[in-house]
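Participant: Listed here are the chains, written in short residue letters.
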Amino acid sequence: NAGVMQNPRHLVRRRGQEARLRCSPMKGHSHVYWYRQLPEEGLKFMVYLQKENIIDESGMPKERFSAEFPKEGPSILRIQQVVRGDSAAYFCASSPLAGIELTDTQYFGPGTRLTVL
Amino acid sequence: DAKTTQPNSMESNEEEPVHLPCNHSTISGTDYIHWYRQLPSQGPEYVIHGLTSNVNNRMASLAIAEDRKSSTLILHRATLRDAAVYYCILRRSSNTGKLIFGQGTTLQVKP
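These protein sequence lines are chains A and X, in that order. The numbering of the first sequence is this note's numbering, which starts it at 2 and goes up by one. The numbering of the second sequence is this note's numbering, which starts it at -6 and goes up by one.
Read the hints as simulated data drawn from the structure, not as lab findings. Honestly, I wouldn't trust all of these hints.
What the hints assert, rightly or not - Straight-line distance between alpha carbons at most 25 Å, and here's what the computed BS3-like set of lysine-lysine pairs gives:
| no. | chain 1 | residue 1 | chain 2 | residue 2 |
| --- | --- | --- | --- | --- |
| 1 | X | Lys103 | X | Lys(-4) |
| 2 | A | Lys45 | X | Lys103 |
| 3 | A | Lys72 | A | Lys28 |
| 4 | A | Lys63 | A | Lys52 |
| 5 | A | Lys45 | X | Lys(-4) |
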């Protein structure tokens, strides 16, 4: 069973461009979480999605960021008009159980390292 | 948010046991204690979790205090590969599943 896959692993964008980060969860997992790790900082939750639904987006910046998890295909984290402060490692995690199941385990991908020039 | 407190860093010698402490004095009765670790340049990985009783798995043991206000992650024989940042996280139903990471403990393992 392949693990959580993220691509690209490294992404370079110039200020004002768009960044699209993809996350393919583990087989059979229908719950996806996105986290961001700024340089020299801890991991911060961004958004929790279940197939075709956003469950919790309390950690998403109000502007320029969006996320989706369609019925078919990977989850996408989209950042419009990137700025230097968006440079970070973005991790997604998947789980077979709903977030309210407190014993569930989240399986993390290797991350996408976004650099904004 | 459920807050945990961990030492910023710890050192260990290879093949010796390591005890990583975590304080969570505001824990509520239904909160689960989870541990994750993040190796350099990798995504976090699950280590272990528990509610009240001590737990063992192939990676580590989790010792939970009787009053549940603290817990200790035990690596029985540290290896160089165990050098990582270890995060102690409380899972509660009001958090909708998101993991709230603190600063964690950076473990250095010396050969």
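Participant: Taking only the CA atoms, is the gap from Lys45 (chain A) to Lys103 (chain X) under or equal to 25 Å?
Facilitator: 30 Å, violated
Participant: Given the hinted pair Lys45 (chain A) and Lys(-4) (chain X), is their alpha-carbon gap at most 25 Å?
Facilitator: Roughly 14 Å separates the two Cα atoms, so the pair holds.
Participant: Does Lys63 (chain A) pair with Lys52 (chain A) here, judged by a C-alpha cut-off of 25 Å?
Facilitator: Given that 25 Å is the threshold and the Cα spacing comes to 22 Å, the pair holds.
Participant: Starting from Lys72 (chain A), check that the Cα of Lys28 (chain A) is at most 25 Å away, please.
Facilitator: This hinted pair holds, its Cα atoms lying about 14 Å apart.
Participant: Taken at face value, is the distance from the CA of Lys(-4) (chain X) to the CA of Lys103 (chain X) at most 25 Å?
Facilitator: 30 Å, violated
Hints 1, 2 from the earlier list are contradicted by this structure; the remaining hints agree with it.
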